Amino acid sequence: MKEFIIKRTLHIIPVLLGLSILIFALSRIMPGDSIRLKLGPEATQQQIEAMEEEMGLNDPLPVQYWNYMKGAFQGDMGMSLQSNRNVAIDIFETFPATFELIIIAMAISIAIGVPLGVISAVRKDKWEDHSTRIVALSGIALPKFWVAIMLQIVFAYWFSLLPVVGRGEIAPTTITGLRLLDSLITLNFDAFITSVKHIILPSIALSIATTAQIMRLTRSNMLNQLNKDYILAARSYGLPKGMIVYKYMLKNAFASTLTIIGLSFGALLGNAFLVEAVFGWPGMAQYGVQGVIYKDYNAIVGVTLVIGVAFAVANLIVDVLYGILDPRIKYDS
Amino acid sequence: MKVAENNSPVANIDGISIKKTRSEETKRAWHRMKRSKLSLVGLTIVVIIILTAIFAPWIAPYPDHASGKIFFDKMNQPPSLEHIFGTDEVGRDIFSRIIFGARISLVLGFTVLSIAIVIGVPLGLIAGFWGGRVSTIIMRTTDIFLAIPSLVLALAVAAIMEATLMNIMIAISFGWWPWFTRLVQGEVLSLKGEQFVLASEGLGASKWRIAFTEILPNCVSTIIVKATLDMGFVILTGASLGFLGLGAQPPIPEWGTMIAEGRVYLPEMWWQATFPGLAILVTVLGFNLLGDGLRDVFDVQVDKEG
Chain A
2 MKEFIIKRTL HIIPVLLGLS ILIFALSRIM PGDSIRLKLG PEATQQQIEA MEEEMGLNDP
62 LPVQYWNYMK GAFQGDMGMS LQSNRNVAID IFETFPATFE LIIIAMAISI AIGVPLGVIS
122 AVRKDKWEDH STRIVALSGI ALPKFWVAIM LQIVFAYWFS LLPVVGRGEI APTTITGLRL
182 LDSLITLNFD AFITSVKHII LPSIALSIAT TAQIMRLTRS NMLNQLNKDY ILAARSYGLP
242 KGMIVYKYML KNAFASTLTI IGLSFGALLG NAFLVEAVFG WPGMAQYGVQ GVIYKDYNAI
302 VGVTLVIGVA FAVANLIVDV LYGILDPRIK YDS
Chain B
76 MKVAENNSPV ANIDGISIKK TRSEETKRAW HRMKRSKLSL VGLTIVVIII LTAIFAPWIA
136 PYPDHASGKI FFDKMNQPPS LEHIFGTDEV GRDIFSRIIF GARISLVLGF TVLSIAIVIG
196 VPLGLIAGFW GGRVSTIIMR TTDIFLAIPS LVLALAVAAI MEATLMNIMI AISFGWWPWF
256 TRLVQGEVLS LKGEQFVLAS EGLGASKWRI AFTEILPNCV STIIVKATLD MGFVILTGAS
316 LGFLGLGAQP PIPEWGTMIA EGRVYLPEMW WQATFPGLAI LVTVLGFNLL GDGLRDVFDV
376 QVDKEG
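Protein sequence lines correspond, in order, to chains A and B.
Every position in the first sequence, counted from 1, becomes a number in my numbering once 1 is added.
Every position in the second sequence, counted from 1, becomes a number in my numbering once 75 is added.
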């Protein structure tokens, strides 16, 4: 097991290095634009060149990359053109908001997706199965930004039940940056309620596609278990159906469902860019979108790399958990 | 007579028997397709959308509303018999604009997938068939491109270009080809040991010939299923980027862009953002249902993403 974790981690490194080279090269293809955008239309050619020189944009690309990576490992990801601060600081401040949103969305997806998948499998070809499958298919096909807007229209504008944008004015003392957690630690219940109210709509909007996928996968994994010998054995012993379903089938089906959670993490990271934009959620994804619009290339490189690392780590965790849940899997290849 | 077409008797017998089973399989496949109601729904939706896109100028009640014209007397009207989806802030009929939007989404999906297939499939063939260092390099490269969600990669690429429809298509393709490389590579690995490949090898066919005339045709159904399933997701990604302001610019009636424009007028003019979203939902759903159906028909293993 230990060996496997080390091997998997070593496998991640070349991928992330490759990603950093790719994104870095992309970001430097047209750096002149962003400087011009930053300095405004009145900037002279000399000013632009001076700034390019200052930011090291005239060095050869490999030298720039080397300097960037050297800095990045020491927590210096270059200056952000939108905030005039170090990108690393911006990401450090915005990451918890995105992380909190993704964790809550993931929790919702599992809490709804797994039971629906079980119902769908147990009631195969009955109306429960058909209706949950149609809901799941639509869930995958829904544009997430549009769902976000629809939720805003109905729950925030028409019924005024929940806030339209943001994370809320009442903030707890920052410890982890995850407001739900921080407000509980500091026993600040006003902040907790505010945070819950603000996170409901964005996390639902974000969770829809993942819920649908988890539901579909749980269903097919459950159906795969149906004809296995151990189920037949359990049945012939006269075990109650509920016990067979939950104690035997679900346990075995869940191990495979876990793999989709790793993949879903990537989908959630991607969709966070859309949901955060709609809900004005002050997270890293929105910072990234702003970076794209303002051609703030240091921010783009920084956000992309952090997402690459997060995605890789999520998949690593899932692989390890998978091994724990299903001991038959051997890691010696 | 078919025998005359081929030089070797072995390949001949093989060729004929394969053709026979193939025509039988087509019949069986259509039967399987007909049995699944959801696939037929998908097929119907896709056909309707394609026809809508082709005949947009004749179907749309107000064809000139797809442009940037302004109609002061019709601004911000809610849905009515005259304008079933209402009008936007400059008085254009939203229904007509959605109809023209079908063209953009289909062109986007088709272009992106064509680029992805043209780049991804040959690389997958090479990686699967040649193996060794070439394969390692190609497959590690796909790992790098798939190390972040495709939407994020497309965003990063879009950032360095001007926001146009063409550029957004390039940006999405940039991260989409590796899916086809992986798919084809896997297929090739499983086909490599098949009799017909070994026979071809025994007859002294070159590697390129085997790869492109023996193996590639056997990957076609898998590629078609994958492309159909992906069509919906590419359209979804395109609309998402359009929504973020990185795709087709107004007054082009791109669905995502239309939602972004309509969002400014919430909550009073809810119809502006609502109906283009429904169009996206129906289109993506149609391609997914059709893709699911084709997957069962061809009986291929294709993973879904998105």
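Treat the hints loosely; a few may be bogus.
As the list claims (entries may be wrong) - What follows is a set of in silico ranges between Cβ atoms, one per label pair, in the way DEER data are often shown:
no. : chain 1 : residue 1 : chain 2 : residue 2 : range
1   : A       : V197      : B       : H106      : 46 to 54 Å
2   : B       : E99       : A       : S221      : 37 to 45 Å
3   : B       : S189      : A       : P63       : 48 to 56 Å
4   : A       : I194      : B       : S189      : 34 to 42 Å
5   : A       : M2        : B       : R103      : 31 to 39 Å
6   : B       : E164      : A       : R86       : 50 to 58 Å
7   : B       : M241      : A       : I318      : 58 to 66 Å
8   : A       : L38       : B       : I145      : 38 to 46 Å
9   : A       : R124      : B       : F130      : 39 to 47 Å
10  : A       : T187      : B       : I134      : 35 to 43 Å
11  : B       : R215      : A       : L185      : 18 to 26 Å
12  : A       : R124      : B       : S155      : 40 to 48 Å
These are calculated hints, taken from the structure and not from any lab test.
Since this is a predicted model, take the numbers as computed values, not measurements.
Positions of the beta carbon are idealized from the N, C-alpha and C atoms, including for glycine.
### Task
For the range 50 to 58 Å, tell me whether the beta carbons of B/E164 and A/R86 fit it or not.
Hint violated: Cβ distance 37 Å, outside 50 to 58 Å.
### Query
Do the Cβ positions of A/M2 and B/R103 conform to the proposed distance bound of 31 to 39 Å?
With a Cβ separation near 47 Å, A/M2 and B/R103 fall outside 31 to 39 Å, so the hint is violated.
### Query
Is the distance from the Cβ of A/R124 to the Cβ of B/S155 consistent with 40 to 48 Å?
holds, 43 Å
### Query
A/I194 and B/S189, beta-carbon distance inside 34 to 42 Å?
With a Cβ separation near 52 Å, A/I194 and B/S189 fall outside 34 to 42 Å, so the hint is violated.
### Query
Between B/M241 and A/I318, does the beta-carbon spacing fit 58 to 66 Å?
violated, 40 Å
### Message
Taking the Cβ atom of A/V197 and the Cβ atom of B/H106, is their distance within the range 46 to 54 Å?
### Response
The hinted range 46 to 54 Å holds for A/V197 and B/H106, with Cβ atoms some 53 Å apart.
### Task
Determine whether the Cβ-Cβ distance between A/T187 and B/I134 falls within the hinted range of 35 to 43 Å.
For B/I134 against A/T187, whose Cβ atoms are near 60 Å apart, the range 35 to 43 Å is violated.
### Task
Confirm or reject the claim that A/L38 and B/I145 have a C-beta distance inside 38 to 46 Å.
For A/L38 and B/I145 the Cβ distance comes to about 30 Å; the hint is violated.
#### Entry: CB-CB spacing for A/S221 and B/E99 relative to the 37 to 45 Å hint
violated, 28 Å
#### Entry: B/F130 and A/R124 - C-beta distance against the hinted 39 to 47 Å
Distance hint for A/R124, B/F130 holds at roughly 42 Å.
### Query
In this structure, is the beta-carbon distance linking B/S189 and A/P63 contained in 48 to 56 Å?
violated, 34 Å
### Query
Are B/R215 and A/L185 spaced within 18 to 26 Å by their CB atoms?
For A/L185 against B/R215, whose Cβ atoms are near 44 Å apart, the range 18 to 26 Å is violated.
Going down the numbered hints, you'll see the structure goes against 2, 3, 4, 5, 6, 7, 8, 10, 11, while the others check out.
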